[in-house]
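Visitor: Each chain, letter by letter, is given below.
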Amino acid sequence: MNAFHKVSVPATAEPPKATWSNCLVVGNEIVLSGVTARKDGVATGGASVEKQTLAILQRIAELVEAAGGGVQNIYKLVIYLTDIAFKDEVNAARAAFFKGIFPCSTLVEIKGLVFPDLLVEIDAFANFTVDRHAQH
Amino acid sequence: MNAFHKVSVPATAEPPKATWSNCLVVGNEIVLSGVTARKDGVATGGASVEKQTLAILQRIAELVEAAGGGVQNIYKLVIYLTDIAFKDEVNAARAAFFKGIFPCSTLVEIKGLVFPDLLVEIDAFANFTVDRHAQH
Amino acid sequence: MNAFHKVSVPATAEPPKATWSNCLVVGNEIVLSGVTARKDGVATGGASVEKQTLAILQRIAELVEAAGGGVQNIYKLVIYLTDIAFKDEVNAARAAFFKGIFPCSTLVEIKGLVFPDLLVEIDAFANFTVDRHAQH
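Protein chains in written order, with the numbering used here: chain A, 1 to 136; chain B, 1 to 136; chain C, 1 to 136.
Keep in mind the hints are simulated off the structure, nothing from the lab.
It is possible that part of the hints are untrue.
As the list makes no split between identical chains, a pair holds if one copy fits it or if it spans any two.
What the hints assert, rightly or not - Calculated lysine-lysine pairs in the PhoX-like style (CA-CA distance at most 25 angstroms, straight line): (1) K111 to K51; (2) K87 to K39; (3) K111 to K99; (4) K6 to K87; (5) K51 to K39; (6) K99 to K87; (7) K99 to K17; (8) K111 to K87; (9) K99 to K6; (10) K87 to K17; (11) K51 to K17; (12) K6 to K51; (13) K111 to K6.
If you're wondering where the values come from, they're calculated on a predicted model, not measured in any experiment.
In isolation and in its complexed conformation, chain A is listed as follows (with noise of 0.2 angstroms):
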């Protein structure tokens, strides 16, 4: 069990107003807030609903490692999409960037995202015990 802190990787830091934190380890949990494809202002990937996953995935693992651990420990990704016809172009995202077992994902078509350039936010859920790498 990890004690509980807050993590924080500069590139990703939260504004300095914020009021929130970005990622908070909690006993072996990798805890996070939902993470879009913003970055100085603009949605990395553009208008491209599988770019910007990737790019939030990218986000997502960045946060991960900070904390001391690696992609292999995501079990979970709750996905909220603007428009549920791309939901193909999530697919191929996770293709691409998962390998071994597939995290669990739940993906729910939403009205609205903090700003109207972003398409797809994502939960994602981590621990230290997971590893998807191995074999089961």
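Please arrange chains B and C on chain A, whose structure you already have, making use of the hints.
Guide: Chains B and C in isolation, oriented as in the chain A frame:
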């Protein structure tokens, strides 16, 4: 604590090219993907939210049982409904399905689900240490 | 580890025919249902997202305290907002309510909540091992 592993139910297996897992065991936690009533290309329960909800809860029970647990282990539901007007049907399904202490439950109306005939999706949380059927 | 049990707060008890529990303790985790500002048939805070959010956070605090914990145990929020235009009001409420390390927070705009006067609903996560008020 259980070693991390994937749980499979032949009757509700992931499609061959699925980029998610339906059920994973993480320590004492039984982790699930969001579950819908879709089976063989159609929504079990048709246009009835109550019947779709019951079909979903039954499928969740099958996954939890395949993990070695039972309905008594389910402690929380996050219910995504496409039309909040049918919330009483969700209540009716929960009343019919659960005994003992009810799970926690979060209910929101979302814009859509992965297929247009789906009216409800449930994200369920279960833990081997939970027994809602015992006296407390 | 705490034995599984239900937590009740008389001031915000479930309705007699409720098919959910407001709060359950699962090991070190304080599990909650989504909380709204609705009380006695109306939304506390009226048409103000900031006031509804503060009323919700206060109610969450009461539930966590009834479980034997405190505000310092809250480590994540999932915030469902009916109009993303009011996200700054959510920020203001978090700034006013929390001290120490901020919880993680996921914010999405959904189509609707269980009653039309509700503008925001929060799913909160708390754990007895978390102390956001201590130095880290």
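Visitor: Could you figure out if K111 and K99 sit no more than 25 angstroms apart (CA to CA) within one copy, between two copies, both or neither?
Guide: neither (31 angstroms within a copy, 31 angstroms between copies)
Visitor: With 25 angstroms as the alpha-carbon cut-off, assign the pair K6 and K87 to within, between, both or neither.
Guide: between (33 angstroms within a copy, 24 angstroms between copies)
Visitor: Please work out whether the CA atoms of K99 and K6 approach to 25 angstroms or closer within one copy, between two copies, in both situations, or in neither?
Guide: For K99 and K6, the Cα distance is within 25 angstroms only across copies (14 angstroms; inside one copy 28 angstroms).
Visitor: Quick one: K111 to K51, C-alpha cut-off 25 angstroms, is that within a copy, between copies, both, or neither?
Guide: Both, since 20 angstroms and 23 angstroms are each at most 25 angstroms.
Visitor: Should K99 paired with K17 be assigned to within, between, both, or neither, using CA atoms and 25 angstroms as the limit?
Guide: Classified as between; 13 angstroms across copies, 37 angstroms inside a copy.
Visitor: Checking an output row: K51 and K39, CA cutoff 25 angstroms. Within, between, both or neither?
Guide: within (13 angstroms within a copy, 30 angstroms between copies)
Visitor: If the cut is 25 angstroms between Cα atoms, do K6 and K51 qualify within a copy, between copies, both or neither?
Guide: Neither: 28 angstroms inside a chain and 28 angstroms across chains, both beyond 25 angstroms.
Visitor: Which holds for K51 with K17 at a C-alpha limit of 25 angstroms: within a copy, between copies, both or neither?
Guide: between (28 angstroms within a copy, 20 angstroms between copies)
Visitor: Indicate which option fits the pair K111, K87 if close means a Cα-Cα distance not exceeding 25 angstroms: within, between, both or neither.
Guide: both (15 angstroms within a copy, 14 angstroms between copies)
Visitor: With 25 angstroms as the alpha-carbon cut-off, assign the pair K99 and K87 to within, between, both or neither.
Guide: within (19 angstroms within a copy, 36 angstroms between copies)
Visitor: One pair to classify: K111 and K6, alpha carbons no more than 25 angstroms apart. Within, between, both, or neither?
Guide: neither (31 angstroms within a copy, 32 angstroms between copies)
Visitor: Treating 25 angstroms as the Cα threshold, decide for K87 and K17: within, between, both or neither.
Guide: between (34 angstroms within a copy, 14 angstroms between copies)
Taken one by one, the earlier hints fail for this structure at numbers 3, 12 and 13, listed in ascending order.
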